[in-house]
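Novice: Sequence:
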Amino acid sequence: MVPGTERALNSGPFRLGDRVQLTGPKGRKNTFALEEGGEFHSHRGVIQHSAIIGLPDGSVVVNSAEEEYLALRPLLIDFVMSMPRGAAIIYPKDAAAIVGDADIFPGATVVEAGVGSGALSLWLLRAIGPQGTLKSYERREEFADVARANVTTFFGYTPENWSITAGDLAETLPQTTESGTVDRIVLDMLAPWECIDACLDALVPGGVLLCYVATVTQLSRVAEAMRATGRVTNPSSSESMVRGWHVEGLAVRPDHRMIAHTGFLITARKLADGTIMPELKRRASKTEFSAEDVEAWTPGSLGVREASDKSLRKRVREAQAAAESSLSRDFDADTAQD
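Following the working numbering, the numbering of the sequence shown begins with 385 at its first residue and continues without gaps.
Check before you lean on any hint, since a few could be wrong.
Between beta-carbon pairs, the in silico distance windows are [as the list claims (entries may be wrong)]: (1) L454 with T659: 48 to 58 Å; (2) A598 with G484: 16 to 26 Å; (3) N618 with D657: 44 to 54 Å; (4) E562 with L439: 47 to 57 Å; (5) R611 with D693: 21 to 31 Å; (6) M625 with E562: 33 to 43 Å.
Hints listed in this document are in silico derivations from the structure and should not be mistaken for laboratory results. Keep in mind the model is a prediction, meaning the values are calculated, not measured. C-beta: ideal position from N, C-alpha, C; glycine also.
Generate coordinates for the entire structure from the input sequences, incorporating the hints supplied.
Specialist: Following this line, the structure appears as structure tokens:
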């Protein structure tokens, strides 16, 4: 499979091995890969995979109970919400903000840690394009396995401009990356303040460091750790909330449910060596604190929810099976073109 040809494979009639998203009468979405002799079962009927293969994207198929389903290729936003997970993912609303706030551009050299289930990796790979480079770091090899499989499933190949390194970022980043060669760094980890010095060494002057954290205590600590280095601009922090709206005729109202807090984004840019940031004029505030105050604010027992080994093995198998199916589809497509 040649990088850059995934656009052609993700358009046109449905093919064997393609992923399809069926939306039922009640709006429920089901995503699966089309297989030879495969069937989609619901409690109301059956749809043969062969009835979908050959149809154009955006077609309607009818099951054995005469119920209609809309068949579409899943978008990236659909894929990341349904893919196998080893760890919690960065949701699309935050991924979009990260791509914007960190100014991820085509051809950029980007570092991300940790990789989790690969959701953010997919958005970053799309943003940097085939000319860019993405270096991902993950402490747990099981999560890295799930991420590799998910990325392969979506693209139909493993991007050559992407690597995953297992290990602690503070130790492995200096070993795998030359100083001053990285344009953007995105951290999604429990204690990003432990890696800030290593990240700033790797960044180019003017490069962006962005941290995604879940709690206000983490937000406070990483902000002060950034300021303490004296090597970055004053950090900027934000969060994104998304509220859908029901719009049908004159019935226009906000949805009853919304995607509220998922995490905070905090960004800063690296200063040139020897540069001292001008002091900002501010009103007096209660900003004095000690190291003991910081530890009390962000105790070491923040804790991480760990998936069981059995659950992780199952997720790895699911992700790798999807990746193998995707690779098989693209091999068949390449053979047909030859």
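Novice: Now look at each hint and say whether the structure bears it out.
Specialist: Right, here's what the structure says about each hint:
L454 and T659 have their C-beta atoms about 55 Å apart, which keeps the hinted 48 to 58 Å range intact. In this structure the hint that A598 and G484 lie 16 to 26 Å apart at CB holds, the actual value being about 20 Å. Separation of N618 from D657 is about 18 Å and departs from the stated range, judged on CB atoms against 44 to 54 Å. E562 and L439 have their C-beta atoms about 50 Å apart, which keeps the hinted 47 to 57 Å range intact.
The beta-carbon spacing between R611 and D693, approximately 40 Å, falls outside the hinted interval of 21 to 31 Å. Between M625 and E562, the C-beta spacing of about 39 Å keeps the proposed range 33 to 43 Å intact.
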